[in-house]
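Start from the sequences, fold in the hints, and give me the full structure.
Protein chains in written order, with numbering that gives the first Met the number 0: chain R, 0 to 291; chain Z, 0 to 527.
Any given hint might turn out to be false.
To be verified - Computed from the model, here is a short list of chain R residues facing chain Z with C-beta under 8 Å:
no., residue
1, Phe6
2, Pro11
3, Gly15
4, Ser16
5, Leu52
6, Gln170
Derived from the structure by calculation, the hints contain no laboratory data.
Even glycine gets a Cβ: it sits at the ideal position worked out from N, Cα and C.
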Amino acid sequence: MRVRAGFPFGPPTWPGSVARPPVERRTGVDFETDWARRYPARLARAVFVDQLLRPLVRALVPPHVHGVDRLEAVDGPVIFVANHQSHLDTAVLLSALPDRWRHHAVVAAAADYFFDNRLKGTLSALVLGALPVERGRVDRRPLEQARALLDEGWSIVIFPEGGRSPDGWGQPFRGGAAYLSMHGDFPVVPVHLDGTGRVLPKGAKRPTRAAVHVTFGSPLRPREGERTNGFAGRIEEAVAVLADERATDWWTARRRAALGTTPSLAGPDAGAWRRSWVLERGARKRPVRTWP
Amino acid sequence: MPRPGFVLDVDRSTPPTLFWHGEGFHLERLPAGSRIIYPPEPLDALSDPDEAIRRALLEPLDSEPLPALLKPGMKLTIAFDDISLPLPPMHRPDNRQRVIEAVLDMAAAAGVDDVQLIAALALHRRMTEAELRHALGDRIYDAFAPNGLLTQHDAEDPAGMLHLGTTDEGEDVEINRRAAESDLLVYVNINLVAMDGGHKSVATGLASYKSLRHHHNVRTMQHSRSFMDQHRSELHSSNWRMGRHLKASGVKIFQIETTLNTNMFPDQFAFLQKREWEWKAGDRARYLAASKSLERAPTRIARRIFQSMLAPHEMTSVQAGEVEAVHAVTTENVYRQQMVEVSGQTDILTMGLPYICPYNVHSVMNPILVMCTGLGYFFNLYRGQPLVRAGGVVIMSHPTPWEFSPVHHPSYIDFFEQVLAETTDPLEIEAKYEESFATDPWYIHLYRTGHAYHGVHPFYMWYWGAHALDHLGGVIIVGGDPAAVRRLGFKPASTMRDALEMATDVVGRDPSVTHLHCPPLLMADVTA
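Laid out in structure tokens, this is it:
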């Protein structure tokens with residue numbers, strides 16, 4: 000049995016008749032990350048990303064990067080919006096980002112997962128430049144913080160599905176990226192990540208070998224009079240078109256987009272086994288053995 | 000927003016409670032069902048005290064602005080509170096320095112040449128140069144002291160006192176001649192507890208023994224319920240009569256009163272101001288380091304550590320003008336900082352006495368001052384009715400050493416050795432011994448030329464506790480020198496548990512217990 004040291008050697012007990020004040024949270028969405036954007040932390044992160052993360056990603060899951068040419072005309076801070084299938088997504092996307100954004104980007108990360116304790120929060124902020132966001136409820140504070148960062152010239156990577164895909168199919172996009180773009184006139188670059196869900200799907204403990212593709216789409220901007228929901232839907236469609244482009248070819252994807260027949264990221268509206276069946280058929284390469 | 004004070008009901012989950020014990024402190028676990036009265040947190044300080052002072056002087060209460068009262072060729076006297084305030088002494092700049100510099104700026108602008116400063120120390124000891132410099136600042140000291148214009152009140156100087164007649168009740172009103180004969184007397188006060196200030200500033204601070212004995216006596220103190228509540232205090236009634244007589248006699252007083260928050264201890268001792276269950280790891284570490292090292296340190300060293308401590312007090316209000324109008328506002332500000340509502344009396348009142356009281360700054364807290372602090376000051380920190388019921392017991396925690404400062408408290412030594420050896424009854428002491436001590440030429444010589452309290456001062460300390468002695472069924476001192484405690488007429492106990500057990504002999508089985516978690520200062524508003 001563990002014996003606790005009594006007061007004053009140990010912490011005091013709390014009198015039963017005194018109401019406890021609300022605990023001042025320093026984790027979750029309240030985790031302070033400003034320090035991670037100062038020069039010492041940026042230097043450490045740059046060394047980590049360039050000297051360790053990118054070589055590791057290239058060696059283990061070499062991503063095929065497509066569509067970088069679509070970003071040539073883009074200048075200044077950008078909101079990268081990508082689908083989310085795996086914990087590898089952030090590492091792969093950071094590795095694939097063009098140089099001018101890679102060291103000046105923050106990643107919006109789930110506060111309840113990456114910032115639920117001080118150690119994880121510190122590592123997430125230092126290594127990934129992560130910014131805690133609430134995914135379970137609407138909270139304006141992280142949005143205001145993200146907007147302030149965009150104003151300061153930082154780009155933001157957002158996975159608007161709010162979490163990794165549970166079954167390999169996409170989930171509805173939330174409106175945070177669209178809101179940020181509409182309130183600051185920042186371009187949204189849709190990104191489709193393919194294959195990471197096969198390498199390390201949600202729930203898997205060990206990765207398997209599979210091809211990984213990163214496809215950047217053309218920057219999007221809100222249209223005149225467009226509402227946030229409408230723009231969020233357009234961003235989701237743009238990522239779906241990129242997915243279709245990867246599954247078929249650019250021309251087919253463009254034609255289906257024009258006809259409005261682009262397959263949804265969310266997959267068929269069917270029972271679980273059929274959704275899984277379709278997904279397995281779509282896989283280009285079945286895993287043959289566990290890796291490494 | 001500072002939290003108000005409150006009364007904690009002790010249960011099994013309540014952590015041990017801090018008790019002061021002279022130059023040290025310890026934690027005691029009080030029985031379940033006891034109550035602990037916690038003081039309010041320190042109020043926010045004035046953001047710009049100098050501007051607040053200037054505004055108070057320009058927009059006084061029931062008085063013309065100070066500049067309008069200052070004229071070339073006039074005789075201006077500025078009197079100020081002595082070393083007994085505030086406690087612990089505050090960090091520089093002291094309130095007195097801030098206020099007096101503002102007053103002198105206006106006097107200089109008005110072309111007033113005849114200005115004199117007087118430390119209003121009544122029958123207290125004279126301040127040292129270092130203490131005066133600390134209170135007034137070097138600028139004031141260097142400008143006035145070398146020219147003999149910074150003086151200390153001498154109640155035994157026949158030529159320096161002026162008798163202004165008697166009040167309606169036959170009380171002699173005799174104050175400092177320079178102050179009485181000035182065209183304007185500016186009094187600069189620091190109001191630490193509700194007893195301070197008002198007419199008591201001049202009528203006591205600048206008075207003589209002949210005048211003081213009318214209210215510093217056993218009857219007055221026994222009829223002051225309490226002397227912290229000016230509306231039920233005979234001490235104040237007498238001072239107010241004298242103050243009004245002064246006004247009627249033509250003494251023009253411009254009163255400036257300041258209040259402080261209860262920020263009493265510097266950062267390394269900040270845990271002394273916190274509620275125990277809110278102590279963080281750093282607080283606990285500092286407590287352990289301080290309490291263990293103080294236990295092992297020689298008393299001389301421990302005393303030096305504490306006596307060199309300066310309080311980070313901050314000014315919470317300043318008001319100036321007519322004495323009574325000013326003091327009404329000041330009292331409200333003191334209550335705002337210190338008042339805690341308490342429901343009902345208790346059988347046993349416990350208190351931990353600190354290392355300091357108004358009369359042992361830079362000195363020794365001798366047994367008589369222990370009695371005065373516990374039964375004079377702490378017992379009287381109430382409004383309404385005493386915290387402890389009639390016939391109840393007070394348990395004090397203090398080492399109560401049989402030790403005196405021969406420089407500061409020479410008459411205390413004789414009072415303790417001769418008077419208390421005979422009797423502890425205040426009335427008998429007053430009738431039999433007061434006159435001889437008050438008029439003893441050696442004590443008067445030490446008071447006038449050294450740094451000694453007046454010969455009669457230990458009597459006043461004893462009278463200060465007269466109401467408590469009359470009210471209580473017993474007094475127990477925990478951890479005190481048994482011989483010294485017995486000489487005071489109290490019972491010594493080794494531990495708090497023993498003391499509580501002993502107290503049941505007086506108040507009966509299963510008594511109610513209340514602990515006064517003080518300092519920081521608080522005042523209990525006790526309802527039935």
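Evaluation of the provided hints:
Satisfaction of the interface hint for R/Phe6 is found here, the shortest Cβ-Cβ separation to chain Z being roughly 5 Å, below the 8 Å cut-off. Because the closest C-beta pair between R/Pro11 and chain Z is about 4 Å apart, less than 8 Å, the hint holds. For R/Gly15, the interface hint holds, the least distance from its beta-carbon to any beta-carbon of chain Z being 5 Å, beneath 8 Å. Taken as an interface hint, R/Ser16 checks out: its beta carbon lies about 5 Å from the nearest beta carbon of chain Z, inside 8 Å.
Checking R/Leu52 against chain Z: minimum C-beta separation of about 37 Å lies over 8 Å; hint violated. Look at R/Gln170: its Cβ only gets to about 43 Å from chain Z, farther than 8 Å, so that hint breaks.
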